[in-house]
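So the protein lines, in turn, are chains A and B. For the first sequence, our numbering assigns the number 5 to the initial residue and increments by one for each residue that follows. For the second sequence, our numbering assigns the number 5 to the initial residue and increments by one for each residue that follows.
What the hints contain is simulated information worked out from the structure, not anything from laboratory work. Certain hints may be false.
The list makes no distinction among identical chains, and a pair is therefore deemed to hold if it is satisfied within one copy or across any two copies.
[Said to hold, decoys possible] 25 Å max Cα-Cα, derived SDA-like pairs, lysine to any residue:
id	residue 1	residue 2
1	LYS253	GLU312
2	LYS190	HIS221
3	LYS273	ILE302
4	LYS11	LYS303
5	LYS11	GLU182
6	LYS304	ASP93
7	LYS304	ASP98
8	LYS57	GLU185
9	LYS77	GLU305
10	LYS303	ASP101
11	LYS87	ALA297
12	LYS106	ARG148
13	LYS11	LEU288
14	LYS192	GLU76
15	LYS273	ASN306
16	LYS189	PHE248
17	LYS106	ILE88
18	LYS304	ASP261
19	LYS166	GLU305
2 protein chains.
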Amino acid sequence: MFREKIKVFDCTIRDGGLCNNHDFDDRFVRAVYKALSEAGVDYMEIGYKNSKKLFSPKDFGKWKFCDDADIEKIIEGIESKTKISVMVDVDRVDIEDVKPKKESPVDMIRVASYVKDIDKAIFLVNHFADKGYETTVNIMAISRALDNELTEALDQRENECKAKVIYIVDSFGELYQETAEFLVKKFKSILKTKEIGMHAHNNQQLAFGNTIEAIIHNVNFLDGTVYGLGRAAGNCPLELLIGFLKNPKFDIRPILDLISNEFVPLREKLEWGYIIPYAITGILDEHPKSAIALRNSIKKENYREFYESLLGDDLD
Amino acid sequence: MFREKIKVFDCTIRDGGLCNNHDFDDRFVRAVYKALSEAGVDYMEIGYKNSKKLFSPKDFGKWKFCDDADIEKIIEGIESKTKISVMVDVDRVDIEDVKPKKESPVDMIRVASYVKDIDKAIFLVNHFADKGYETTVNIMAISRALDNELTEALDQRENECKAKVIYIVDSFGELYQETAEFLVKKFKSILKTKEIGMHAHNNQQLAFGNTIEAIIHNVNFLDGTVYGLGRAAGNCPLELLIGFLKNPKFDIRPILDLISNEFVPLREKLEWGYIIPYAITGILDEHPKSAIALRNSIKKENYREFYESLLGDDLD
Chain A
5 MFREKIKVFD CTIRDGGLCN NHDFDDRFVR AVYKALSEAG VDYMEIGYKN
55 SKKLFSPKDF GKWKFCDDAD IEKIIEGIES KTKISVMVDV DRVDIEDVKP
105 KKESPVDMIR VASYVKDIDK AIFLVNHFAD KGYETTVNIM AISRALDNEL
155 TEALDQRENE CKAKVIYIVD SFGELYQETA EFLVKKFKSI LKTKEIGMHA
205 HNNQQLAFGN TIEAIIHNVN FLDGTVYGLG RAAGNCPLEL LIGFLKNPKF
255 DIRPILDLIS NEFVPLREKL EWGYIIPYAI TGILDEHPKS AIALRNSIKK
305 ENYREFYESL LGDDLD
Chain B
5 MFREKIKVFD CTIRDGGLCN NHDFDDRFVR AVYKALSEAG VDYMEIGYKN
55 SKKLFSPKDF GKWKFCDDAD IEKIIEGIES KTKISVMVDV DRVDIEDVKP
105 KKESPVDMIR VASYVKDIDK AIFLVNHFAD KGYETTVNIM AISRALDNEL
155 TEALDQRENE CKAKVIYIVD SFGELYQETA EFLVKKFKSI LKTKEIGMHA
205 HNNQQLAFGN TIEAIIHNVN FLDGTVYGLG RAAGNCPLEL LIGFLKNPKF
255 DIRPILDLIS NEFVPLREKL EWGYIIPYAI TGILDEHPKS AIALRNSIKK
305 ENYREFYESL LGDDLD
């Protein structure tokens with residue numbers, strides 16, 4: 005599947021940071037950056053840009069804040085064409101923290117937003133675009149978006165928003181390939197001047213399959229993480245994505261070394277991947293937080309009770 | 005995805021037996037049978053029917069031979085509508101070991117065969133069909149079948165073979181959904197009087213995705229294994245398949261209990277699932293045996309060297 009426009013976007017440290025309060029040490033992050041650079045990966049997302057007025061640096065690792073100086077220490081001395089991205093959440097970023105692009109090692113800023121927060125997301129994107137950054141909007145929890153609201157939000161993005169890419173984010177790992185195809189076609193029918201991105205979660209072992217489905221339907225921005233590291237069930241494994249793409253600019257071998265040397269040991273200390281409670285929240289289209297709480301309790305392997313607890317709400 | 009004709013086919017003990025020389029104890033196998041029965045799974049494949057002249061019962065567990073008396077001990081006293089299947093390999097079965105269906109607890113016999121062994125497979129299938137069994141042919145290593153040979157083999161199956169179902173078997177875990185779709189359409193274009201089956205391996209985390217793709221294109225026999233247990237990367241996880249199918253006859257809860265009680269502890273002792281060397285053989289369309297050997301060596305985490313060793317053959 006060679007298509008020159010395809011961009012492989014790694015978010016190992018950013019999404020993986022949700023597993024450990026963004027507390028990766030510099031040696032580890034440099035190893036990731038070096039391997040991604042050697043592998044020819046187009047972008048590396050290194051963390052969130054959160055306001056220190058809202059979150060204390062005492063409680064989190066540095067990749068929850070992504071100070072430019074901290075990023076400089078990671079990339080220093082490593083030959084690379086890999087661009088650096090940071091993510092911001094609506095209502096959590098202090099825009100004064102973001103310097104003009106010319107003064108920053110950051111190339112891209114991705115704004116994560118629910119459909120309902122479209123106006124806030126567009127404000128942020130346009131602000132960062134005006135400062136010189138590449139920008140995206142990542143529409144979270146897409147499996148719960150009502151079609152009419154999504155249509156309106158996409159119309160606004162097409163007409164009012166300077167983002168280069170609009171992402172489909174399957175936050176709950178609920179999509180399968182028919183729904184992924186439906187969403188891609190919907191996005192493409194409205195977003196005539198934007199690229200589309202796919203950020204998939206692996207609750208049902210469909211993150212890679214849904215990403216392939218997106219590729220088939222001409223999505224060009226593809227998120228993955230090394231060894232699938234990421235919150236809960238994790239993400240589309242970057243090594244599989246690179247193994248699938250036949251673009252000669254990519255080399256899987258530095259990623260294989262990185263997994264051998266860093267991620268196999270890490271997996272002994274940190275839990276992510278295909279675990280039944282995450283599969284259950286994916287099947288039921290639920291946020292993984294209840295499953296994460298379960299995994300931190302003594303009932304961590306009590307799957308039936310957990311499943312039934314999610315069925316139990318009388319709503320009417 | 006409710007379609008009445010869909011049959012869910014569990015091969016946990018059969019394919020899982022390839023991980024432990026078919027040496028599951030009766031208590032475990034009964035627990036699997038009971039859970040599958042309660043979950044409404046249509047078939048359970050319990051092992052292989054191999055000739056004791058070729059393999060010694062001293063060297064293998066009983067599910068490499070599947071004596072009727074051993075099967076009787078498993079199913080005795082458990083209320084069930086789940087049918088029992090055994091698999092035979094071309095050239096490894098002694099057909100005299102197979103009694104007429106009326107005298108046996110076995111309902112179905114599946115014949116595993118490469119494309120080249122089509123005539124032997126048809127002979128076996130017709131022999132077992134004449135003895136009263138439901139039968140299938142499972143075409144292994146489909147990702148390496150040459151199109152013209154596959155066409156001829158399918159023509160023969162349609163015209164000369166009494167099998168009820170012809171299976172696509174992605175032995176190497178190489179397919180992705182476009183190739184799965186291509187093969188399903190090819191099978192359906194020739195096999196007008198047969199059902200099609202899908203047996204997927206999970207080297208690239210695509211077993212469930214490819215099985216969904218098969219469902220979308222009207223494949224009705226769907227293989228899975230509990231928690232994905234199976235040789236090397238394992239199989240399509242049965243719990244995901246049941247979670248996806250909206251047929252009210254299935255109940256995921258007994259499978260969740262089974263995983264909690266039996267498969268989480270088993271995974272501590274037995275290795276299967278998404279492991280990089282199996283991903284590599286899947287990406288490169290290779291038999292997993294080299295990766296299995298690697299996992300039993302001191303180089304088990306040396307992924308780059310393994311990858312390069314598979315690239316290294318000069319063929320010309």
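We went through each hint and held it up to the structure:
1. LYS253 x GLU312: This pair counts as between: shortest inter-copy Cα distance 18 Å, intra-copy 48 Å.
2. LYS190 x HIS221: both (11 Å within a copy, 22 Å between copies)
3. LYS273 x ILE302: both (18 Å within a copy, 22 Å between copies)
4. LYS11 x LYS303: Neither. Shortest intra-copy (41 Å) and inter-copy (33 Å) distances fail the 25 Å Cα cut-off.
5. LYS11 x GLU182: both (23 Å within a copy, 21 Å between copies)
6. LYS304 x ASP93: Neither, since 30 Å and 41 Å both go past 25 Å.
7. LYS304 x ASP98: The answer is neither: 37 Å in one copy and 47 Å across copies each exceed 25 Å.
8. LYS57 x GLU185: So LYS57 and GLU185 fail the 25 Å test inside a copy (41 Å) and across (52 Å) alike.
9. LYS77 x GLU305: neither (41 Å within a copy, 30 Å between copies)
10. LYS303 x ASP101: neither (42 Å within a copy, 47 Å between copies)
11. LYS87 x ALA297: neither (35 Å within a copy, 39 Å between copies)
12. LYS106 x ARG148: Close neither inside one copy (38 Å) nor across copies (52 Å); limit 25 Å.
13. LYS11 x LEU288: between (31 Å within a copy, 23 Å between copies)
14. LYS192 x GLU76: neither (36 Å within a copy, 57 Å between copies)
15. LYS273 x ASN306: Answer is both: 22 Å inside a copy and 20 Å across each meet the 25 Å cutoff.
16. LYS189 x PHE248: Close inside one copy (22 Å) and across copies (23 Å); limit 25 Å.
17. LYS106 x ILE88: within (14 Å within a copy, 68 Å between copies)
18. LYS304 x ASP261: This pair counts as between: shortest inter-copy Cα distance 13 Å, intra-copy 32 Å.
19. LYS166 x GLU305: Answer is neither; intra-copy 46 Å and inter-copy 45 Å both fail.
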